[in-house]
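As given, the protein sequences belong to chains A and B, one line each in that order. When you line the first sequence up against this note's numbering, it's residues 541 to 732, in that order. When you line the second sequence up against this note's numbering, it's residues 131 to 243, in that order.
Keep in mind the hints are simulated off the structure, nothing from the lab. One thing to keep in mind: the hints can contain errors.
Claimed, not checked - List of simulated lysine to aspartate or glutamate pairs, EDC-like, C-alpha gap at most 20 Å:
1. Lys688/A <-> Glu223/B
2. Lys550/A <-> Asp157/B
3. Lys207/B <-> Glu645/A
4. Lys657/A <-> Asp703/A
5. Lys207/B <-> Glu557/A
6. Lys657/A <-> Glu690/A
7. Lys688/A <-> Glu159/B
8. Lys207/B <-> Glu690/A
9. Lys657/A <-> Asp682/A
10. Lys578/A <-> Asp682/A
11. Lys207/B <-> Asp157/B
12. Lys550/A <-> Glu159/B
13. Lys657/A <-> Glu687/A
14. Lys207/B <-> Asp141/B
15. Lys207/B <-> Glu223/B
16. Lys550/A <-> Glu146/B
17. Lys550/A <-> Glu223/B
18. Lys580/A <-> Asp703/A
19. Lys707/A <-> Glu658/A
20. Lys688/A <-> Glu552/A
21. Lys207/B <-> Glu658/A
22. Lys707/A <-> Glu557/A
23. Lys688/A <-> Glu658/A
What the hints assert, rightly or not - If we take Cβ atoms under 8 Å as the criterion, some of the chain B residues that face chain A in the derived model are:
24. His145
25. Glu146
26. Met148
27. Leu150
28. Leu151
29. Arg154
30. Ala160
31. Asp178
32. Ile209
33. Val213
34. Met214
35. Val233
36. Val234
C-beta: ideal position from N, C-alpha, C; glycine also.
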Amino acid sequence: MSHLMPIVYKAETLLFEQSRRVSSSFRLRIIHRFQSEKGKCAPGEEVFAVLLLVGGQTSYMPLPLAQRLLLDYCAKHAFVGQSASQIAAGMRTPFYRRHAMNSGEPIRRSISRSAVKEYVRRIRITFSAVLERQGITHSPLDILASEKGEGNEVFYRLRIPADWIHKGENSSGLIFEKEIHFPASLGAKQDS
Amino acid sequence: MARILVVNFDDTTTHELMRLLRLRGYDAEAGPNEQANASEQKALDPYDLVVFDASRRFHAIEDAITTVHGGSSWSRKPILLGVMDVYHGPQWEFDLRKKGVQVVYVAPDANRL
């Protein structure tokens, strides 16, 4: 064994601890509205807003529609890196195709493979601005990461957990809210 | 993939460290090392971790830290991992710690301590 291995092990430990610190202190909160059925996240809803929670602070992320949808998708598949093609394909599922249909006024945006990279870049800019406003020096690359595969493909992965709050109206016209925590593995099921 | 910068080591150690880090799947780059580019100033904030030889005179990393990117303006704060046998206690280390940068030391070989 090389005499330099203790350095490599130490570097590995430090990087692991750092990534664990980030994922435990940051959280996304995504608000869906126009829920049709209480307790169920289904196509027809709108990805209304995205909030970043750091410690006790909550910050609104002013993201345009395409970026809200992309972040919602990445959050549902958090901790799994996906290429631009996979993301574009995954966003053709009913949840995104029928976005906001429950309102009677569909607000749709299709995401192409070539646009993913640019949207990721813009999301990171928004993360940077929000963190800077909170006085936190932290790279958005640690939140929405790009990971190189064996070939030229780049995989995008959200490294922080997320939860969803649903706002909607029930049959009596009363507004209700329901907080739903998606395990990452169930994310795909929400679209079907 | 984490980005690691290897700074201030002799050429043999630099190559060996980079080889080991790359084998573990890290994106390792060589920064200012030995004589050839010792005066080069390297921006440190694109990296997740900077491994540097703290036993040698480390003008390269010192200049990079104190003059070019003084810590507070970094877009991210890399962890600084110093490799050393003897602790020098440089002044910049305390300044950086105050700015929230993690500075850690490790001995290259426990038998040599």
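Which of the listed hints are broken here? Numbers 1, 3, 4, 8, 10, 14, 19, 21, 22, 24, 26, 30, 34, 35, in rising order.
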